[in-house]
Each structure stands twice: as structure tokens, then as C-alpha cells.
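Visitor: Chains A and B, in that order, are what the protein sequence lines are. Residue 267 is where the first sequence starts when you use this note's numbering, and the numbers rise one by one after that. Residue 1055 is where the second sequence starts when you use this note's numbering, and the numbers rise one by one after that.
These are computed hints drawn from the structure, not numbers from a lab. In this text the structure is predicted, and so the values were computed from the model without any measurement. For glycine and all other residues, C-beta sits at the position ideal for the given N, C-alpha and C. Please note that the accuracy of each hint is not assured.
[Claimed, not checked] Label-pair ranges, simulated between beta-carbon atoms: (1) A:S395 with B:T1382: 26 to 32 Å; (2) B:A1203 with A:V343: 53 to 59 Å; (3) A:R319 with B:M1082: 46 to 52 Å; (4) A:V343 with B:E1172: 55 to 61 Å; (5) A:H276 with B:R1259: 44 to 50 Å; (6) A:L308 with B:Q1410: 20 to 26 Å; (7) B:P1109 with A:A312: 29 to 35 Å; (8) B:R1132 with A:P284: 47 to 53 Å; (9) B:A1105 with A:H276: 22 to 28 Å; (10) A:L332 with B:H1175: 36 to 42 Å.
[Claimed, not checked] To spell it out: a stretch of chain A is covered by chain B in this simulated footprint if at least three of its residues, at any positions, have a beta carbon under 8 Å from a beta carbon of chain B; those stretches are: (11) 290-298; (12) 381-393.
[Stated by the list, open to error] Examples of chain B residues lying across from chain A (beta carbon under 8 Å, computed): (13) A1115; (14) A1116; (15) S1150.
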Amino acid sequence: MMAKPLCATHVLVVEDEPMTADLLRFVLERQGYRTSHVVDGLAAKAWLQGPERVDAMVLDLLLPQLGGLDLLRWLRVQPSRALLPVLVLSALDGDDVAVQAFRAGASDYLRKPFNPDELLARLRRCMESPAQDLAPAASRHG
Amino acid sequence: MADLRMPDVPLSWALALAWTTLGLVLLMVLALWLLRLWRLWQAPRQARFAARWQPLLLGVAAGDDLPEALPVLAAHERWPLLLLWLQLLLTVEGRSRVRLAALGRALGLTSLVRKRLESRHPPERWVALLALGALGDGQDVPPLMARLATAGPQTVLYLVRAALMLDPAQAPAAARHLLARSDLDLARLSLLLRPCAGPLGQALRALQPPVNSAKAVAEVQPWLCWLRLAHALRQQWPLSVLQPALQPGLDPELTLAALRLYQGEAGDAVVSAHAGHSDWRVRVQVARALGTIGSPQAVPVLLGLVTDTQWWVRYRAAQALLRLPGQTPELVLSRIAATGDRYARSMAEAVLAEQQGSV
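Make a model of the complete structure from these sequences and hints.
Guide: In C-alpha cells form, the structure reads like this:
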């Protein structure tokens, strides 16, 4: 598969913690990704309903207005965005959090605090995975 | 007949009250106005501070080598920089964290942190302890451990974290100290000591309280503290370690603590023995543990628990049934329907919908 040039790759960062958001954007932009940032679930939903193209999303789970899991479930039933690769990044520390994220349709899951190199590697792998691997987990398990 | 007239208030009193109220309101407005002015005055300073330091910190966290020449750190910038640095340090791990720690040392934050350990304000001491865990060295450990005995219930957690980040070999002494305290906030402990849960949990396991001749717990309280601490540290211990606390007929709190800790790879018979416990919280944990063990022998026990009188027991039992290997939703629903309990069936349907993300 031909990898897309990174400068053309647009990543939406959904994160309400300013320092984490700054670091994510800094790390991604240094690698040549273009980024956009929203701080809550409702803003992310509105953004995703808009016309702008996006190639991947880094999503926090604990968000104001609309939680990350609910946003993910909503996203996976939107025909135009259903296959968007989503890397969930969360500080939630429970046995079932990753399971819930995958059930909701996460492409991958990374726990905070995170290693920026690992984040980049996982994000790239999410974007390079064949589309069927990114099909909504909820519908596969349903 | 009662006199309903208002009492006479001297005019001077009323005027004094009015003037005082007006004065207080004006003072409050003035305070708000000054606060706003102060924030406006601070904003460019904060922006300059962020523009000066944030790119350097983010760059080092993202993989840059330390620059040959670092910017000069002004005295008034030291504490804000420490806070910014610490916030970023707690966001990352791996090599990023190591590089940030090196940057902190190169900027001279270690001496600032050591001074702030003596601060009269607990939050400042806690920040200093969090930072010291990354910036300090072996010479900091003995004084940290020496403070444990006199520290309050919150400070002790920061002390243990800092000491173990610098020297994990202190874990047995720290575990003994934590076990001896009855004033700890376990939720906070779980959060703060997560980075050192490995060595601390290992040390804790070696401190198992005594068992009696029947291989059951000898005394309830030490076992209860031991199990609760292990749970807060998210330990996963095998059945052989927990079995003394899972003997029938013990204090329900003890059974509960052992079951909560049990992640299971076997032992459904030991767990199932508590399925008829009179305390519903124990039955909830039985259902959860059976779901984790994943043995097909658990199905009849879970079908019993899914018809329990307590909502939480039914919920956890339905979750556990749907989690067992080989139990398709259709099979589970048909088995629950065969119990004839409509509440059990609606619970299973609700859990299924929840798992599929439709609620």
C-alpha cells in the first residue's frame, strides 16, 4: 500500500487538558501532520459533521459535554466517517476501559501517561490498516 | 391583644447599616475590578513566559536533545516553570520523561524542589515531592523515609511515591508503613502510587498476615488492611494467596475484600461457595469474579444470581454470563428466559444493549 504523504494527513485532536493537547499537536506537527483541536465532545461532533476532510482522530475519553465513548459510538454510525481511524488516549484506569473503547469502535487504545514515539507508531499503524480492520467494532460484536 | 407594631429603630442605626452595605458592595466591585486589571496585566507576562519555555519543554518531550545553551531562568520564573515542567512530565513516559528530567536538572530545578520540601503550605510540598521523584538522587531517600512517621495521611503518599521513584528497594519499608496506618485515603493512594505499584505490590505480598492452624485468617483486621491495600495498588494475586480469606463463615468485609482482589484463572468452586452469602455485596463480587474466571461450570451459579433480589447482583451476573466463553447473547437470553424470571430477562437485555452501545 502506498503511504499518504504526512503533510497531507489531517489529524483531529479531541482533548480537554491543555498541556496534553499542546504536546499532541506539537508531536504530530513535527512529524508533518496537519492538526485541528477541539476541547469537548459536542464540539468534536459539530466539527465532524462539517465538510473538512480528516484522516485520523486522537480522542480522550473523559470530555466535557459529550464523553469520548459516546462520540465514538455516534461516529461509527455516520456513513461518511464510519471508517475514520480513531486512537483513544485515556487516563482512565479500569480493567474494562480498553474493552469498552474497542467495543465502541476504537482503532487502538493508549493509556496516559504516554510515550510520544509509541503514539506516533500506533497512529501510523491505525491509518495504514486495511479498512475492514477499522470497521465499527460495535456492529461486528453485535 | 399582641402589639404588632414594628419596633422603633433609631434613624442613625438604619443609616449606618445602609452606608456599611453600600461600602461593602463598593469594596467588592473594587476588588473584582482590581482582579480583572491584575489578570490583564499578567496575561502578556504569562504569554511571554509560555512562548519562552513551552517550545523548549515540548521539544525535549518530543525527542529533541538538550540544547547546548539553555535560556537563563529568572528567579520569578522558577516556580511557574517547575509547575509547567511537572505537568508535562506527568503527561509522558519512557524516554520523553528521562529527557525532561535531565532538562529539569540542567535548569537547576532540583535545588528549588529541595527547598520547597520545607514549605509551610502542603500543596507546595506535594508539588516538590512529585518533582523530586524525577529530579532527586539517592541522598534524598533517607530523609524522605525518615519523614514517613510524622507525615499526615496525604503527605505520606507523596513521600512514598518520591522515595520509591528514586529507590524501589525501599518498597518493603514503605509497604510496612502503609500497612500500619489506618488513616489513608485508598482512592488517592491508588492514583498516586500507580507508578510504583510493581515493587510496592511485590513487597506487600511478602507481608502476608498470619494464618491459623486451619489455614484461615488468624486475625481479621491485619488481613483486611492487607487486602484493601493490595486492591488499591491493583494487584492480581493467585487464589493460593487469597484462599485463607475466602474460607466460609468469615467476616463479610474480609470475604468482600478478597473477592474484589480476585482476578481469577481458576477456583470457581471456592468463589461459588459464597454465591448464597447473606450480604448482597459479596454476591455482587461472586458474579464479577465468576465472569473473570470464565469457567462453563459457573453458568448454573450465575443463572441463580441473575434472579437475585438485588439489582446490582442481577446486573453483574448478567454481565458475567455474557462474558463467559462460548455464551452467545442468544444462548444466554434463552437460558435466562427458561428461569421464568422476567426481571432477569430484562436485565440481560439491558446489559446486552449497553455492551452494544445502544444505551
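Visitor: Decide, hint by hint, whether the structure agrees.
Guide: Each hint, compared with the structure:
| no. | hint | result |
| --- | --- | --- |
| 1 | A:S395 with B:T1382: 26 to 32 Å | holds, 27 Å |
| 2 | B:A1203 with A:V343: 53 to 59 Å | holds, 58 Å |
| 3 | A:R319 with B:M1082: 46 to 52 Å | holds, 51 Å |
| 4 | A:V343 with B:E1172: 55 to 61 Å | holds, 57 Å |
| 5 | A:H276 with B:R1259: 44 to 50 Å | holds, 49 Å |
| 6 | A:L308 with B:Q1410: 20 to 26 Å | holds, 23 Å |
| 7 | B:P1109 with A:A312: 29 to 35 Å | holds, 30 Å |
| 8 | B:R1132 with A:P284: 47 to 53 Å | violated, 21 Å |
| 9 | B:A1105 with A:H276: 22 to 28 Å | holds, 26 Å |
| 10 | A:L332 with B:H1175: 36 to 42 Å | holds, 37 Å |
| 11 | 290-298 | holds (count 3) |
| 12 | 381-393 | holds (count 4) |
| 13 | A1115 | holds, 6 Å |
| 14 | A1116 | holds, 5 Å |
| 15 | S1150 | holds, 6 Å |
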